[in-house]
Amino acid sequence: MKKQTIIDCNFFCILESGDVRKILLTQKIIPEIREIFVTGGAALFDDVEEIVFDGNYNIDNNEILYVKLALPDNVLEVADNPIGIADLDLASEDIKTLFWYEDGVYYFQNFDKRKLLKNRSVIFYSNQTYDKLENNAFVVETIVNAVHKNERLYFVSYSNANKIFSLAAYYQDATDEEIRTFSTHASITLDQEWFITNTNSIIRKQITLLQKSKTLDGADTKKIKKHKK
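In case it helps, my numbering puts the sequence shown at residues 1 to 229.
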């Protein structure tokens with residue numbers, strides 16, 4: 001098989017550790033990957049109204065949410081010093097987020113371990129026959145979950161954007177009364193007054209998130225307890 005040249009491009013990832021890595025691509029597939037991110041990202045802005053995210057995330061189809069967000073310095077570095085960024089080692093490093101950078105705009109795609117093709121028996125079709133994939137690989141989906149430009153992070157789904165960068169700071173702290181209401185939920189048992197006294201800002205923001213998302217309404221407490229063991 002003809003050897004393909006690997007070259008630098010605009011494709012990167014954020015690791016679970018928070019570090020940034022460069023993903024080298026062959027000349028052949030760069031246009032395809034770019035199309036996924038740049039064209040897919042631009043499509044998010046087609047005929048939509050930009051709405052400031054205030055903790056509510058039930059939006060209409062013609063709306064897109066945004067927050068004013070400064071990117072971490074190591075993510076910004078891809079614009080100034082891409083050559084100095086280390087290459088991804090898929091065998092030993094865990095990807096959190098894929099992203100493409102171009103002309104001051106960052107296009108993000110969520111990533112999880114289900115997209116990894118490490119240590120799996122993956123077969124592919126080539127030259128009218130099937131062969132086994134021998135090297136580590138991962139799947140790039142045809143979706144963009146968030147776009148950062150002009151110091152704003154744009155997104156349609158809060159839950160997907162929150163997996164890329166924590167948006168907890170954009171929630172207000174739950175008040176004492178809201179905590180009392182929260183503590184009466186059928187899935188929760190706690191000492192209200194002790195909890196109010198000992199709850200910090202981080203937990204109060206999480207309570208606001210749980211209340212707005214109604215996550216507990218469909219929660220299976222038995223499964224949660226089993227998972228925590």
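The hints are simulated quantities; they were obtained by calculation from the structure and are not laboratory data.
Among the hints, erroneous ones may be present.
What the hints assert, rightly or not - Quick list of in silico lysine to any residue cross-link-like pairs, SDA-like style, CA-CA up to 25 Å:
id	residue 1	residue 2
1	K149	D60
2	K28	I85
3	K28	V38
4	K28	G18
5	K96	W194
6	K22	L90
7	K68	E93
8	K68	V156
9	K113	W194
10	K163	E93
11	K115	S159
12	K22	W194
13	K149	V75
14	K205	L69
15	K149	I95
16	K28	A70
17	K28	D46
18	K205	E193
19	K205	W194
20	K163	T197
21	K96	E193
22	K115	E177
23	K205	A70
24	K28	P72
Keep in mind the model is a prediction, meaning the values are calculated, not measured.
Here is how each hint holds up against the structure:
1. K149 to D60: Roughly 22 Å between the alpha carbons, so the hint for K149 and D60 holds.
2. K28 to I85: holds (22 Å)
3. K28 to V38: holds (17 Å)
4. K28 to G18: violated (29 Å)
5. K96 to W194: At roughly 36 Å apart (the allowed maximum being 25 Å), W194 and K96 break the hint.
6. K22 to L90: Holds. K22 to L90 sits at ~11 Å (cutoff 25 Å).
7. K68 to E93: Answer violated: K68 to E93 is near 30 Å, above 25 Å.
8. K68 to V156: Measuring from Cα to Cα gives roughly 15 Å; hence the hint holds.
9. K113 to W194: violated (39 Å)
10. K163 to E93: holds (18 Å)
11. K115 to S159: holds (18 Å)
12. K22 to W194: Not OK: K22 and W194 at ~48 Å, beyond 25 Å, violated.
13. K149 to V75: Answer holds: K149 to V75 is near 13 Å, not above 25 Å.
14. K205 to L69: holds (18 Å)
15. K149 to I95: holds (22 Å)
16. K28 to A70: violated (33 Å)
17. K28 to D46: violated (29 Å)
18. K205 to E193: holds (18 Å)
19. K205 to W194: The hint holds at about 18 Å.
20. K163 to T197: Answer violated: K163 to T197 is near 30 Å, above 25 Å.
21. K96 to E193: violated (38 Å)
22. K115 to E177: violated (43 Å)
23. K205 to A70: holds (20 Å)
24. K28 to P72: Between K28 and P72 the Cα gap is close to 31 Å, so the pair fails against 25 Å, i.e. violated.
Hint compliance for this structure: hints 4, 5, 7, 9, 12, 16, 17, 20, 21, 22, 24 are broken, all remaining hints hold.
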